[in-house]
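Asks: So the chains spell out like this:
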Amino acid sequence: MKYILLMSGTKAGVDSYHAWSQKDIEAHMAVLRSITNDLSGSGEFVATQGLAEPAEAKVVRGEKNGMPVTDGIFPESKEFLLGYWIVDVATPERAYAIAGRISAAPDRAGAPTNMPIEVRRFAAYEQSKSQGGNAENAAHSGKPATRKAAPDEIKGEQEK
Amino acid sequence: MTKPWDATSEHLLRELAPQVLGSVARRFRDFSSAEDAVQEAMIAAFTQWPQEGVPENPRGWLIQVASRRMTDRVRSEIARRQRETVVASDVEATAHVDEIESDMDPDDTLILLFMCCHPALTSSSAIALTLRAVGGLTTAEIANAFLVPEATMAQRISRAKQSIKASGVPFRLPSPQERAVRLPTALHVLYLIFNEGYASSIGAHLQRLDLAREAIRLTRDAKALIPEDGEVAGLLALMLLTDARRAARTGPDEELIPLDKQDRTLWDRAEISEGIELLTAALSKRSVGPYQLQAAIAAVHDEAARAQDTDWPQILALYELLKRVSPSPMVTLNHAIAAAMVHGPSKGLELLRTLDTDARLAGHYRLDAVRAHLLEMVGDYEIAIKHYRIAASRTTSIPERNYLMTQAACLAERKLS
Amino acid sequence: MKYILMMNTMRAGRGVPQWPEKDLKAHIAFMIGLNKELRQSGELISAEGLSFPDQAKLVRAGKDGVPITEGVFPESKEFLAGYWIVDVDSPERAYAIAAKVSGAPGPGGAPLNMPIEVRPIMSGPPSEML
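Protein chains in written order, with my numbering: chain G, 1 to 160; chain C, 1 to 417; chain F, 1 to 130.
Since the hints were derived computationally from the structure, they do not count as laboratory data. Cβ coordinates follow ideal geometry from the N, Cα and C atoms, glycine included. Heads up, a few of these hints could be off.
As the list claims (entries may be wrong) - For each label pair, taking beta carbons as the anchor points, the in silico distance ranges come out as:
| hint | chain 1 | residue 1 | chain 2 | residue 2 | range |
| --- | --- | --- | --- | --- | --- |
| 1 | F | 15 | C | 356 | 16 to 22 Å |
| 2 | F | 68 | C | 305 | 28 to 34 Å |
| 3 | G | 27 | C | 60 | 52 to 58 Å |
| 4 | C | 11 | F | 107 | 39 to 45 Å |
| 5 | C | 50 | G | 41 | 52 to 58 Å |
| 6 | C | 253 | G | 97 | 45 to 51 Å |
| 7 | C | 166 | F | 18 | 36 to 42 Å |
| 8 | F | 63 | C | 32 | 55 to 61 Å |
| 9 | G | 41 | C | 382 | 50 to 56 Å |
As the list claims (entries may be wrong) - Below, a list of computed lysine to any residue pairs in the SDA-like style, where the Cα atoms sit at most 25 Å apart:
| hint | chain 1 | residue 1 | chain 2 | residue 2 |
| --- | --- | --- | --- | --- |
| 10 | G | 64 | F | 91 |
| 11 | F | 2 | C | 276 |
| 12 | G | 64 | F | 111 |
| 13 | F | 36 | F | 115 |
| 14 | C | 323 | C | 229 |
| 15 | C | 347 | C | 260 |
| 16 | C | 261 | F | 40 |
| 17 | G | 64 | F | 115 |
| 18 | F | 36 | C | 57 |
| 19 | G | 129 | C | 276 |
| 20 | F | 22 | C | 259 |
| 21 | F | 2 | F | 54 |
| 22 | G | 78 | F | 114 |
| 23 | C | 347 | C | 210 |
| 24 | F | 77 | F | 114 |
| 25 | F | 22 | C | 229 |
| 26 | C | 386 | F | 55 |
| 27 | F | 36 | F | 109 |
| 28 | G | 11 | G | 108 |
| 29 | G | 129 | C | 268 |
| 30 | C | 415 | F | 17 |
| 31 | F | 22 | G | 62 |
| 32 | F | 2 | G | 23 |
| 33 | G | 23 | G | 42 |
| 34 | C | 415 | F | 26 |
| 35 | F | 77 | G | 66 |
| 36 | G | 78 | F | 54 |
| 37 | G | 23 | G | 53 |
| 38 | G | 64 | F | 26 |
| 39 | C | 285 | C | 267 |
| 40 | F | 63 | G | 33 |
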């Protein structure tokens, strides 16, 4: 199952981060990089991306006279997306565990930043595989495949 | 004398892959390294044969290239350990290609299938490894099919092989007792591959490898090797009977078309005939398993000229049997629909109630989707609309979300008129 | 130059759009058409949709490596609904594409004029963040 893990922050938060010492920033980045490396090693990595400064963000609302209506002013409280990871994991719990690790990346005092990481399941341009709720999880839980003689994925009667 | 590379060459390469792997793995007694070496040989073939032509003995060619990789690896291992003298293992590693080639066993594909579907592996590992080692697909092709980076898929396959090494699985067929457990697991993996392929055939523009076709091919191979097993035949029949409807499932705007609305002239009659033939033969064997039952249900649908000609009482009876043989929440959901078609929607809704407390379905979109459908049949539009919308918000499939939202909207308009 | 175009929805707890069938179909067709155009022009790198915010979770590092997972969000929180990553020749082109997305038809066929956030993407190696 594919999940996206979103790391966001306010402009003030980002400014304060930039005021950290080079050493503290590097320590923070090193932890994030090691998480990405571990995901590559475990075969769960799909993508990761850093987004540029919130200061360069624009919002576009439709067109006027054939030109995009662009604006660069945002409320102080706005949460900007700073970066994300996309992972392909066996269970939602695994996605939360990875998010927890990201959240624990150190702040300037070396303590966990505890930043909230939003975890969202991807929607896919394909039909559901008609797998029954947690039965799907059991089949992909990292435990040995069930020895049931019976399949636990069956086509729906309606959408065939 | 080489042959030109043509439309059949790719298929030939894929068929040869497990044969080559079997021989090389057996000779060098190292499944994991052999698998890597064969993969490299396959890539070399894909690169060179289109330009230079298909060699006269393609299998021999692949074995030669794979063996060379194996000996290179052994030599660099030796160099790494800094041995100064030529050792016996070095000599053994340069075994003759013809000897290796003659070491082929017709059961190799089956041995590999059982290995790659070993119960110690997770489903996603087993799927990846099976597609590569048995299916002869490249890592890049498999990665593309599952929409993950190639490096990620390579890592999955590598880890799968480590698990196999750790579990000490020998390179031979399972015993008859072992097979009783191992075969269902292997069939399960093949079914998952089919499911993956069939579900993603909606996003046609993505140009992904046709996993459904690959699953059918691998299951055909399995059936040729285990002709007496009813469930293998049943699984193949199920795949064919389901795949037959593929062209009718998606509309011109990529929208999902449910079974009762499909243009049946688009169904593949040849696949349906073959599926029914296989099923008839399979059902004549002693025990009837879940794949055969599911295939039988698919056959009843496929035999109906129009949706209204569907023999629902037959389908209901089959679901009742399936419920006993292989119960699951999905089976209960489908059983409820069949019951509704035979005894009326209230009967279906009654059966759904047993699922309300089933933790496996908690928050799953299909319970709401089926409930909405039955409520629509009863005429309780307002609540049906509510459940269609809840289902739409819960499904992770975009085409299904669109379908469910549109159903709700359609019903909302009917309610007003 | 690469940009991410983000479409938000403030729909936690408010369910899917309840527009008339005709308008839903027009909206879906518009998005399919737009993606097809961007694919043909070679500007589309990816277009992804996310599942509904009702299933969103907020995760924080807990004690002893056990994450704390929460599913309750403030009413006002904006949720990402989907995004496009495009590779274009200029920021103006990115804004023009965003304007098209923004103008997708909604109820009554009128352009929605949804706010589409446009952000440059770091072009460094994937492991670089911020």
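Asks: Does each hint hold? Answer for all of them.
Replies: Okay, the hints, checked on the actual structure:
1. F:15 <-> C:356: 16 to 22 Å: The hint (16 to 22 Å, Cβ to Cβ) holds, given that residue 15 of chain F and residue 356 of chain C are roughly 20 Å apart.
2. F:68 <-> C:305: 28 to 34 Å: violated (57 Å)
3. G:27 <-> C:60: 52 to 58 Å: holds (56 Å)
4. C:11 <-> F:107: 39 to 45 Å: violated (51 Å)
5. C:50 <-> G:41: 52 to 58 Å: With Cβ atoms ~34 Å apart, the hint is violated.
6. C:253 <-> G:97: 45 to 51 Å: Distance hint for residue 253 of chain C, residue 97 of chain G is violated at roughly 39 Å.
7. C:166 <-> F:18: 36 to 42 Å: violated (54 Å)
8. F:63 <-> C:32: 55 to 61 Å: 40 Å Cβ-Cβ, so the 55 to 61 Å window is violated.
9. G:41 <-> C:382: 50 to 56 Å: At roughly 52 Å between Cβ atoms, residue 382 of chain C and residue 41 of chain G fall inside 50 to 56 Å, so the hint holds.
10. G:64 <-> F:91: Between residue 64 of chain G and residue 91 of chain F the Cα gap is close to 18 Å, so the pair holds against 25 Å.
11. F:2 <-> C:276: violated (52 Å)
12. G:64 <-> F:111: holds (12 Å)
13. F:36 <-> F:115: Since the Cα atoms of residue 36 of chain F and residue 115 of chain F sit roughly 22 Å apart, the hinted pair holds (cutoff 25 Å).
14. C:323 <-> C:229: holds (22 Å)
15. C:347 <-> C:260: holds (20 Å)
16. C:261 <-> F:40: Measuring from Cα to Cα gives roughly 32 Å; hence the hint is violated.
17. G:64 <-> F:115: Within the cut-off at roughly 14 Å; holds.
18. F:36 <-> C:57: violated (44 Å)
19. G:129 <-> C:276: holds (24 Å)
20. F:22 <-> C:259: Distance of about 22 Å is within 25 Å: holds.
21. F:2 <-> F:54: violated (30 Å)
22. G:78 <-> F:114: Within the cut-off at roughly 17 Å; holds.
23. C:347 <-> C:210: violated (39 Å)
24. F:77 <-> F:114: holds (16 Å)
25. F:22 <-> C:229: Violated. Residue 22 of chain F to residue 229 of chain C sits at ~51 Å, over the 25 Å cutoff.
26. C:386 <-> F:55: Status holds; Cα separation ~18 Å.
27. F:36 <-> F:109: holds (21 Å)
28. G:11 <-> G:108: holds (18 Å)
29. G:129 <-> C:268: holds (22 Å)
30. C:415 <-> F:17: holds (18 Å)
31. F:22 <-> G:62: Answer holds: residue 22 of chain F to residue 62 of chain G is near 22 Å, not above 25 Å.
32. F:2 <-> G:23: Since the Cα atoms of residue 2 of chain F and residue 23 of chain G sit roughly 29 Å apart, the hinted pair is violated (cutoff 25 Å).
33. G:23 <-> G:42: violated (29 Å)
34. C:415 <-> F:26: holds (21 Å)
35. F:77 <-> G:66: Distance ~31 Å between residue 77 of chain F and residue 66 of chain G Cα, so the pair is violated.
36. G:78 <-> F:54: holds (21 Å)
37. G:23 <-> G:53: holds (20 Å)
38. G:64 <-> F:26: holds (22 Å)
39. C:285 <-> C:267: violated (28 Å)
40. F:63 <-> G:33: Judged against 25 Å, a Cα distance of about 22 Å means the pair holds.
Violated hints, in rising order: 2, 4, 5, 6, 7, 8, 11, 16, 18, 21, 23, 25, 32, 33, 35, 39; the structure is consistent with all others.
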